[in-house]
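Quick note, the sequences are listed as chains A and B, same order.
All residue numbers for the first sequence refer to our numbering, where the first residue is 1 and numbers rise by one.
All residue numbers for the second sequence refer to our numbering, where the first residue is 1 and numbers rise by one.
If you are wondering where the hints come from, they were derived from the structure by calculation, not from laboratory data.
Among these hints, one or two may not hold up.
Covered stretches of chain A, as calculated for chain B (at least 3 residues, CB under 8 Å) [claimed, not checked]:
1) 89-96
2) 109-117
3) 253-261
4) 388-402
Keep in mind that this is a model prediction, so the values were computed, not measured.
From the three backbone atoms N, C-alpha and C, an ideal C-beta is built for every residue, glycine too.
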Amino acid sequence: MSTTPVARAIAVGAVAAVLAACGTGSEDTTESTADASGPVTISWWHNSNTDPGKAYYESVAKDFQTANPGVTIEISAMQHEDMLTKLDAAFQGGDAPDIYMERGGGELADHVEAGLTKDLSEQAKDVVDKLGGSVAGFQVDGKTYALPFSLGVVGFWYNKSLFEQAGITTPPATMDELYAAVDKLAAAGIAPVSVGAGDKWPAAHYWYYLALRECPEQVLKDAVKSLDFSDPCFIKAGEDLEKIIAAKPFNKGFLSTPAQTGPGSASGLLATGKVAMEMQGHWEPGVMQGLTEDKKGLGEDTGWFPFPSVAGGQGEQSAALGGGDAWGVAKDAPDAAVEFAKYLLSDEVQKGFAERDMGLPTNPAASGSVKDPALSGLLEVRDAAPYVQLYFDTAFGQSVGGAMNDEIALMFAGEATPQDIVEKTQQAADAEK
Amino acid sequence: MTVSADSREASSSATGGADRAPARSALRGRRPGGRSASLRVALEVAFFVGPALVLFSVFVVWPIIRAVQFSLYRWKGFGPLVDFVGLRNYVSVLTNDVFIGAFTHNMVIVVLSLLIQLPVGLAIALLLNRRMRGQGLLRTIIFVPYVLSEVIAGVVWFQLLQPEYGVIDTLLGAVGISGPEQGWLGTPDVALYTVFVVLTWKYLGLAVLLFLAGLQGVPDELIEAAEIDGASWWQIQRRVTVPLLGPTLRTWGFLSLIGSIQLFDMVWILTGGGPANATTTMATFLINEGTKRYNYGIATAASVILFAVALVLAIGYQYFVLRRDVVDADAGSRRVR
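When you get a sec, could you build the whole thing from the sequences and use the hints?
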């Protein structure tokens with residue numbers, strides 16, 4: 001009985017060993033099919049497991065098969081969390097699907113270091129050139145390892161009628177205006193902001209954005225490479241965050257509020273009109289739709305404004321925090337897989353992707369196809385931003401990012417200082433070196 | 001009388017095997033003796049034990065060996081094991097404030113369980129053991145939470161405990177009491193105790209059920225004799241029933257100890273170890289390090305430490321507490337007969 005927890009924890013290891021055995025076998029087969037010009041089967045994992053996305057991707061695969069006889073695409077459409085778990089197991093066994101989703105940053109760098117992903121710089125050069133700056137987060141040492149198909153930015157989603165009720169006419173553009181809006185909402189008896197600090201990353205996004213406002217671009221670029229956080233601007237970000245927390249804008253019980261599961265989650269509170277705003281990623285409207293009974297979310301009341309500027313900040317005041325999803329190709333995948341990944345980024349497929357509100361397209365040709373007014377406003381901010389910083393936890397990798405998020409969540413509980421956040425992050429970073 | 005003797009034997013073998021030795025010798029006596037049968041016996045043993053042994057080796061022993069191996073490397077969960085770091089993972093776990101906090105929380109749950117669940121469970125069992133109307137219904141009600149899956153119970157309680165809009169806060173609000181500002185699960189000082197209350201709700205039924213089973217094993221004639229001697233109900237419970245319940249209580253203590261050390265599901269669902277690490281346990285720590293941060297080396301080091309802690313406590317408990325039961329029960333049974 002006493003071995004149960006251990007057995008549970010290391011079952012992962014056993015699974016890995018089994019998968020490793022399977023993995024080597026199927027790698028051989030893919031290589032032999034890649035050499036021959038005969039029929040090729042490509043496995044494709046994605047997370048659009050509900051319509052219209054699911055049906056759309058099925059038709060996209062069918063179109064590609066018709067245009068390329070002999071190629072068969074095996075689609076596995078999975079729920080997002082399931083997909084991540086299965087991907088982890090597949091990577092542990094060294095047998096990733098031919099085409100899968102990458103999130104970039106430190107995670108991608110780890111996959112590259114372990115020799116799991118294919119360098120697409122040459123084979124997909126035309127697509128990489130077309131996507132321009134969007135691929136930055138998916139490059140390691142100047143080489144592109146994944147093709148981003150959706151890139152979003154984080155900002156404040158708000159309830160237009162609650163803002164109106166509180167007498168707020170224009171969305172806040174500076175921190176002072178944000179504080180004024182919070183006061184007005186509180187005076188009107190409306191809980192101002194919800195944050196899913198229970199899941200940590202939504203809370204961490206505040207610190208990330210404040211670091212973007214306080215730190216010059218070059219400092220952040222260097223930090224991602226050198227994992228050196230000694231610049232005083234990181235401390236200032238923490239001090240700014242302390243000020244926000246001291247203003248008490250957040251929903252009751254925010255320390256244990258989950259990000260987006262259930263009506264009591266941060267997104268649920270916004271969707272059901274219990275708070276006036278929440279800082280979240282571009283996926284928020286879709287999440288809110290799933291959390292309301294009529295499947296409409298906030299509907300017409302949905303509004304969006306970018307993170308306010310910080311007076312005296314040394315960073316770019318219109319830089320955005322964001323991230324996205326990209327198609328990665330497994331190291332040993334056949335050439336047809338690269339062709340298919342390129343096809344997924346074509347004008348035609350990206351337009352269809354945008355028309356169905358499946359995400360925010362990266363191919364400039366598809367920008368006009370986004371119909372949702374809130375999302376197209378967000379797209380404008382993204383395209384006008386001097387640069388889009390990848391979420392720090394993704395950029396630094398889970399180990400450093402996790403330590404950082406934990407410490408930021410502690411600050412929300414009043415148990416960490418600006419200095420603590422920098423120190424703990426640095427400690428985790430030093431352990432990586 | 002035979003009925004009560006039978007049920008007593010059944011319950012004592014269920015609660016710790018006090019009568020295991022005599023039972024085994026009885027079995028041997030029934031078998032046809034002789035050396036010719038020894039090969040057959042050996043084959044029989046191999047046939048029945050073999051598959052279990054193979055499964056045990058593959059799914060328990062081998063993973064433990066691998067875990068010890070992983071814990072000596074820095075490993076992200078994929079790619080080859082190349083970065084040997086010796087005992088560094090162990091040092092970083094044992095000097096980690098969060099892990100020390102997690103260990104403390106496990107110990108708090110162990111102590112609280114023994115101090116609160118034991119007396120409460122015993123009291124309920126003694127009450128339910130009296131003949132009364134609705135006895136069966138009451139027993140069922142007490143036991144129902146234990147039948148629920150831990151995850152389902154956790155999700156339900158999570159909803160009930162939602163701050164402001166949850167049922168519990170609404171009910172408290174209706175009588176003019178306001179819960180903690182951040183909610184029961186969101187306030188660092190309260191969260192661990194809230195989790196403990198939910199755990200007690202969930203596991204009290206098991207304690208009561210075990211104690212009731214143990215009470216079935218207390219011979220009626222002893223109680224009748226005590227009654228004839230003029231003992232009050234309280235005296236009978238204190239002097240006769242509870243002492244004879246000893247083996248059951250100690251077995252429950254063992255189950256509770258092990259359960260508290262490997263506590264994971266309920267905490268993971270209710271708080272995920274938060275807020276501000278106020279409810280982390282050793283198990284949530286290692287899952288967090290492994291599957292969330294991809295520090296599999298550190299996670300397996302923590303799992304080996306958890307294994308060692310559980311092993312030491314289990315063996316210690318067996319040695320100091322449960323060992324006495326064999327002597328006790330033998331003496332007891334002699335006295336009864």
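Next item on the list: Would you list, in rising numerical order, the hints stated earlier that this structure does not obey?
Entry: Every hint satisfied by this model.
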